[in-house]
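Undergrad: In case you want the letters, here they are:
There are 2 protein chains.
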Amino acid sequence: MPATPAWPPASTPRLFIDQPLTADSSPVIDGAAAHYLLNVMRLKAGDPILLFDNRSGEWLCETVDTGKRSLQLRAQQRLRPREEVPDLWLCFAPVKKARLDWIIEKATELGVARLQPVITERTIVERIKSERLEAQIVEACEQCGRTALPELADPVKLPALLRQWPTARALLFADEAGGEPMAGLQAAAPAAILTGPEGGFTDRERSLLLEHDAVRRMALGPRTLRAETAAIAAIAQWMGLHGDWG
Amino acid sequence: MPATPAWPPASTPRLFIDQPLTADSSPVIDGAAAHYLLNVMRLKAGDPILLFDNRSGEWLCETVDTGKRSLQLRAQQRLRPREEVPDLWLCFAPVKKARLDWIIEKATELGVARLQPVITERTIVERIKSERLEAQIVEACEQCGRTALPELADPVKLPALLRQWPTARALLFADEAGGEPMAGLQAAAPAAILTGPEGGFTDRERSLLLEHDAVRRMALGPRTLRAETAAIAAIAQWMGLHGDWG
Numbered sequence: 001m002p003a004t005p006a007w008p009p010a011s012t013p014r015l016f017i018d019q020p021l022t023a024d025s026s027p028v029i030d031g032a033a034a035h036y037l038l039n040v041m042r043l044k045a046g047d048p049i050l051l052f053d054n055r056s057g058e059w060l061c062e063t064v065d066t067g068k069r070s071l072q073l074r075a076q077q078r079l080r081p082r083e084e085v086p087d088l089w090l091c092f093a094p095v096k097k098a099r100l101d102w103i104i105e106k107a108t109e110l111g112v113a114r115l116q117p118v119i120t121e122r123t124i125v126e127r128i129k130s131e132r133l134e135a136q137i138v139e140a141c142e143q144c145g146r147t148a149l150p151e152l153a154d155p156v157k158l159p160a161l162l163r164q165w166p167t168a169r170a171l172l173f174a175d176e177a178g179g180e181p182m183a184g185l186q187a188a189a190p191a192a193i194l195t196g197p198e199g200g201f202t203d204r205e206r207s208l209l210l211e212h213d214a215v216r217r218m219a220l221g222p223r224t225l226r227a228e229t230a231a232i233a234a235i236a237q238w239m240g241l242h243g244d245w246g
Numbered sequence: 001m002p003a004t005p006a007w008p009p010a011s012t013p014r015l016f017i018d019q020p021l022t023a024d025s026s027p028v029i030d031g032a033a034a035h036y037l038l039n040v041m042r043l044k045a046g047d048p049i050l051l052f053d054n055r056s057g058e059w060l061c062e063t064v065d066t067g068k069r070s071l072q073l074r075a076q077q078r079l080r081p082r083e084e085v086p087d088l089w090l091c092f093a094p095v096k097k098a099r100l101d102w103i104i105e106k107a108t109e110l111g112v113a114r115l116q117p118v119i120t121e122r123t124i125v126e127r128i129k130s131e132r133l134e135a136q137i138v139e140a141c142e143q144c145g146r147t148a149l150p151e152l153a154d155p156v157k158l159p160a161l162l163r164q165w166p167t168a169r170a171l172l173f174a175d176e177a178g179g180e181p182m183a184g185l186q187a188a189a190p191a192a193i194l195t196g197p198e199g200g201f202t203d204r205e206r207s208l209l210l211e212h213d214a215v216r217r218m219a220l221g222p223r224t225l226r227a228e229t230a231a232i233a234a235i236a237q238w239m240g241l242h243g244d245w246g
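Order-wise, the sequence lines are chains A and B. Start counting the first sequence at 1; every next residue gets the next number (our numbering). Start counting the second sequence at 1; every next residue gets the next number (our numbering).
If you are wondering where the hints come from, they were derived from the structure by calculation, not from laboratory data. Any given hint might turn out to be false.
Pairs count within a copy or across copies, as identical chains cannot be separated in the list.
[Said to hold, decoys possible] Capping the alpha-carbon separation at 25 angstroms, the derived lysine to aspartate or glutamate pairs in DMTMM-like fashion look like this:
#	residue 1	residue 2
1	K157	E176
2	K96	D244
3	K97	E142
4	K97	D154
Chain A on its own, in the form it takes in the complex (with noise of 0.2 angstroms):
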């Protein structure tokens, strides 16, 4: 007995749209999506289609018009609500572009709640594109089956950043000295992982660091990680521990 198919297959394409949905919505696609949808997906009336809202959660939909630069859809059932991310930040100073974009990308994928850039007093990178950052968080988004973007915060220098922090969320810092493995640490939700810049940090923000309550040292081995691989490396191991993992 063969299977039963399943719908919508597997190919369908799977899109981020900044408009509520609702039983009866009929959303419009247009602009770069409508591009991608009609000359590389090459969606005709009847196509199925996901949207997700960031606000109501997945949707089915049905291609009701194609036009030359945009579709016409109408949501048909709604699959998944938006989900409740794991309480995760993830604080990072910003790096070099290829790296950065990796960091965004994969704390996406991994299941951060929420993106926090940081200036510190060897960051290099002088101007975040945001536009360019939630572009990349759409993207991963769309590809990892999240409902819910992870926040983009505007950037804060480190010194306030601590000045400012939620006495409840454990900030797990990843000191090149040394500390606890993710296993042996207080680490449970809410919680956030922060990594340096290239350079790492100084040792004046070392001090500071160390003298905030809620600072943990974590360890991420006996060799160098760079920036990016320490964020990724801190987040999966938290995920596997104190996420949605289990």
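We have chain A already, so just place chain B on it with the hints.
TA: Frame of chain A; chain B shown alone:
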């Protein structure tokens, strides 16, 4: 009182050299490495340099003489013996260029002992340029402070890999259908992690894996991870629990 200046300074170049070093060896550097040392790092006679040979460990060397295209060095002191990295293999289906590069670099940084390319039914990447991967391994080792290069094995097809599998080595398989979190698995060294290509494993491959005694199904959370994210996340988790990060 000023601190004693550290020697060699943190900016000292660190390079792999494929010839045995001893207390009285006088290695000569030429080619691209010499270009880098002479024209980028601007090394002069008397300047320190760190060399590791993947045999005896890491040596502090002195620049004795510089030419137009080569440098004459002298090994002064062995600073560290060759390390024993944790006995973890990464068996990975090759993926496309940038993401493959990332797997190699990150697995090396995180401390993997052996990199085993695995050809699966859905592997799209036809040829693996092993010289290119070797160069990336060397660069990552130079950067992260490893004194032992991970071994790069010849590509092997999945069924052959499983037929020859060493019985004592746990094979941690990132099964999209789920499994146990790393902390719940019998996964102590010797162990290996297996990740698939962009399109995942076929049903036939999955059956072959699940029939194998060494295979443990490993859960990496509810989101769909890209191949390289799964590899890096699994290695980080394993290192934190069973490696040398304690």
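Undergrad: So, for every hint listed, does it hold in this structure?
TA: Status of the hints after comparison with the structure:
1. K157 <-> E176: For K157 and E176, the Cα distance is within 25 angstroms only inside one copy (20 angstroms; across copies 40 angstroms).
2. K96 <-> D244: neither (30 angstroms within a copy, 29 angstroms between copies)
3. K97 <-> E142: both (21 angstroms within a copy, 22 angstroms between copies)
4. K97 <-> D154: within (18 angstroms within a copy, 33 angstroms between copies)
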